[in-house]
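Guided by the hints, dock chain W onto chain L, whose structure is given.
For the protein sequence lines, the chains are L and W, in the order given. So the first sequence is residues 376 to 672, counted in the working numbering. So the second sequence is residues 1486 to 2012, counted in the working numbering.
No lab work stands behind these hints: they were computed from the structure. Check before you lean on any hint, since a few could be wrong.
Residues of chain W clear of chain L, computed beta-carbon distances all greater than 12 Å [stated by the list, open to error]:
no.: 1; residue: D1564
no.: 2; residue: G1599
no.: 3; residue: S1612
no.: 4; residue: D1619
no.: 5; residue: A1632
no.: 6; residue: E1684
no.: 7; residue: G1703
no.: 8; residue: L1875
no.: 9; residue: P1929
Restricting the straight-line Cα-Cα distance to at most 30 Å, the calculated cross-link-like pairs of lysine-lysine (BS3-like) are [claimed, not checked]:
no.: 10; chain 1: W; residue 1: K1840; chain 2: W; residue 2: K1947
no.: 11; chain 1: L; residue 1: K426; chain 2: W; residue 2: K1936
no.: 12; chain 1: W; residue 1: K1792; chain 2: L; residue 2: K426
no.: 13; chain 1: L; residue 1: K450; chain 2: W; residue 2: K1898
no.: 14; chain 1: W; residue 1: K1787; chain 2: L; residue 2: K426
On the chain L side, residues computed to face chain W include the following (Cβ under 8 Å) [as the list claims (entries may be wrong)]:
no.: 15; residue: L406
no.: 16; residue: L425
no.: 17; residue: L429
no.: 18; residue: Y447
no.: 19; residue: K516
Keep in mind the model is a prediction, meaning the values are calculated, not measured. In this text, a Cβ means the ideal position worked out from N, Cα and C, and glycines have one as well.
Next come the chains, spelled out residue by residue.
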Amino acid sequence: MRTKTVKSHPVKHSAGSRIFDVINITLLILLALVAFYPFWDCLVVSVSSLKSYLSTGVHLWPSEWSFEGYSYMIKNIDLWISYANSLFITVVGTLVNMLITIMAAYVLSKKDLKGHRVLMFLAVFTMMFSGGIIPTYIVVKDLHLMNSLWSMILPSAVNTYNLIVLRNFFADLPAELEEAALLDGCTDVGVLFRIMLPISKPAVTTVTLFYAVDHWNDFFSAIMYINSRAKWPLQLFLRSMLFENDAAYSGSGESLFLLGQPMKMAAVMMAIIPIMCAYPFFQKYFSKGITSGAVKG
Amino acid sequence: MKKKKMLSLLLAAALTASVVGCGSGKDSAPAQDSGSAATQESSSGSDGSSAAADTSSGERVPLRWLTTGDTAAEVIKSDDRIVEEINNRLGIDLTVEIVPEGNTEKVNVAMASGDFPDIVTGGYGTSATQQWIDDGMVISMNDYMDANPSLKERLETYEWSAIDGSYYGIPFITQYNASNALIIMRQDWLDNLGLSYPETLDDMKAVLEAFTFDDPDGNGQNDTYGFTSDKISSANSTPFDWVFFANGLKYADYALDENDNVIPWFEDPAFIPSMEYIKGLWDSGVVGPELMLNDSAKKEEKFYQGKVGSFIGTVYRHVTRHENSLRELNPDGAIAYGPAPKGESGTFGLSKQGKGGMMTCITAACKNPDKAAAFLDLMVSEEGNNLLRLGIEGIHYTMDGDEIVFNEEERAKDAFSPDGWAHALAWGSFYWPLESNYIPPTDPNRERMQKSVEIATGSQVKNLINSRTAIEIEKASVVDDVFVQYFNDMLQGKIGIEEGAQKLSADWRSQGGEEILEAVNAVYHGN
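Excised from the complex, chain L in its bound form (with noise of 0.2 Å):
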């Protein structure tokens, strides 16, 4: 076998770009150290003994390990209810955020449609003049959504960036691609799910993941909406957990907040890891997905 020696032939660089390489690369470890640092930290002080985080300030490794934190909310029921609950909700109003999303965003992407302009500056004026916290507790308490999973589903049903992200890649998309499949016999729903869709994995995906991750971490319309603790979603529980000193303080109950910041922390982790999985499966996506709409290539 003839083996190709490939000769390599290394650009020369300039004596200032190499230092513009240094300095740069340099940088932008620090900013991505800083960026990394409290995720670490977190993490670091949510495994170590209540007496090895008070023995240290900057806490780079456990200098005694502790998963009490750990152990202690596992066994709390509440977090278990409230995991359920968020889950719930991301995954079920997931769903129904692109299930809308993706229907609203294809119709208004073809031009030929009558009003769609009128459409779209409707959906467009909510984004600037919203209607407000106390109108929409009243729409949703007389919808009968009080106390229900739903109230954190339903009135936030479509996000217009999204929604606009959403158009613009479709609207990029050949419409030859459209043509030929309606000749082929395909219904128009048949182009969107089989041919539309599939090609538009990039900005499906990156929107998808802006929902999920709006949905794990919204608290504000559990607290609005939700007073049954059986409801609370996950970033609640976690909220009156962390926030509970000003209760702790004023000389009421014993509270998880006496047990210190090691159990925090483990809660906080438990919290966010299960979101953070989610990233790497749509990082691939999700730089593409963004820019798509931007430029036309």
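Chain W only, in chain L's frame:
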């Protein structure tokens, strides 16, 4: 153009219809296992739907109570026996809705959007509750006082809260009669240095200096500070209130000039010498430099870590927590606390009597205000108090002679907090255990904790004016910012103390202070 309009209208209508369809279909299922609602009747408004509930529950009168409650309380289940007991006694069908995180904003939004419960608990002395009163959303309780002696007694304790003679709600002012704040010190450091807990401002200075410069932990390094606390957040609470009170400041909120007119407390003659003392501490480096960044958790951490020898901390139930946390790193650590240091004339003080808290009102939408008043009467009565703390005799506790024996297993089935603490209904709306210095009789550290509250309450300074005027509520944040800015500037030497004090007064008065003084003077002289 017309066609387009029609089309958009039609589409909008179709969208609304589809959402409504979805909503009503899904709503019924999740509403059933409502955890915090005491009955199955869920959160639909008081209009119409409550009439239906009326017939289904026999003669019982439905009452819906929307409250901030307390995040530390347990969850009330639908078969809670305490709620059942209250229902039976009063012939009501009580639904308690506790909003997440004690979030008063949620209560305000519910009220503002016309979602009226029968009884509502919101923040006392806030613009929202003021609006409830102004707009007639809540009713005067005066007509129900005679029939409900405990309610009457409670309201008359807060006589100043009446507006033109009418009581629109039961105020629950936090830290009104009791305090849990003291300067907590390292007893082991004091011992190492041969010092004792400081009794005067001079002692205090000496102790803080020794904590900072004389190596109190004996590690051979200059790595300790004397004092820390929370960062200053408002004119109402600085980390050095104890200095002002030691120097003769009389009241917690305002001061009086020689003509018996109300003036801001920082125009009191005690202010300048106090600021000089404080600046002296700051300049000599005995105050932890991170004071301006500290929150409650951070200051405690510094104390536990042995970086600082004293801080303003909470006692009461926290005494053992401080001690245990300190011993994580310092096995020989011990804590000391005592009355605030005295000034030359013997005056002293540390914490300020509260002015804020909760207020529980009967709404104008309540169809049975007499039942609502009876419920409130029970909640603030001795009888109700015992029911919520001890439970039902024979079920939640038994008497062994004079001694109360809790049945923790039974208590856990209802919404009692563990280790003898009260039922969830007792938390947050009408009293906190601190107010009556309540520690379950079964707690081994009971005496020590109660003693700490007695000391802290002894160092609490009363207000000149109890009520909060509408203008104070409106202007509070602006004038507070003025104070905080000048206080920090004076502390850090950006401006001289005398000059700073003058400018502070002038700015404070011009940015809303004059109006505040006018209003509080009217209240003061009216009394």
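Consistency of the hints with the structure:
Against chain L, the non-interface label of D1564/W holds: every CB pair exceeds 12 Å, the least being about 14 Å. With a cut of 12 Å on Cβ distances, G1599/W falls inside the contact zone with chain L, its closest approach being about 7 Å. With a cut of 12 Å on Cβ distances, S1612/W stays outside the contact zone with chain L, its closest approach being about 15 Å. No beta-carbon of chain L is positioned within 12 Å of the beta-carbon of D1619/W; the least distance is around 17 Å.
No Cβ of chain L approaches the Cβ of A1632/W within 12 Å, the least distance being about 31 Å, so the stated non-interface status holds. Distance to chain L confirms E1684/W as a non-interface residue, since its nearest Cβ pair spans about 26 Å, more than 12 Å. Every beta carbon of chain L lies more than 12 Å from that of G1703/W, the smallest distance being close to 17 Å; the non-interface claim holds. Every CB of chain L is more than 12 Å from the CB of L1875/W (nearest about 17 Å), matching its label as outside the interface.
Against the 12 Å criterion, P1929/W stays outside the reach of chain L, whose nearest CB is about 15 Å from its own CB. Using a Cα cut-off of 30 Å, the hinted pair K1840/W and K1947/W holds, with the two alpha carbons roughly 10 Å apart. Our distance criterion of 30 Å between C-alpha atoms is met by K426/L and K1936/W, whose separation comes to about 29 Å. Straight-line distance between C-alpha atoms of K1792/W and K426/L comes to about 14 Å, which keeps the hinted pair within the 30 Å bound.
Restraint check: the Cα-Cα separation between K450/L and K1898/W comes to about 18 Å, which is no more than 30 Å; the hinted pair holds. Of the pairs offered as hints, the one joining K1787/W and K426/L holds, with about 13 Å between alpha carbons and a cut-off of 30 Å not exceeded. Given hint, L406/L at the interface with chain W, is violated; its Cβ is 24 Å from that chain's nearest Cβ, farther than 8 Å. Interface restraint check: L425/L against chain W, minimum CB-CB distance 5 Å, threshold 8 Å, status holds.
About 5 Å separates the beta-carbon of L429/L from the nearest beta-carbon of chain W, less than 8 Å, and the hint is met. The interface hint given for Y447/L is violated, since its Cβ lies 15 Å from the closest Cβ of chain W, which is over the 8 Å cut-off. Against a cut-off of 8 Å between C-beta atoms, the interface hint on K516/L holds, since the closest Cβ of chain W lies about 5 Å away.
Consistency with the previously given hints fails for numbers 2, 15, 18, ordered from lowest to highest.
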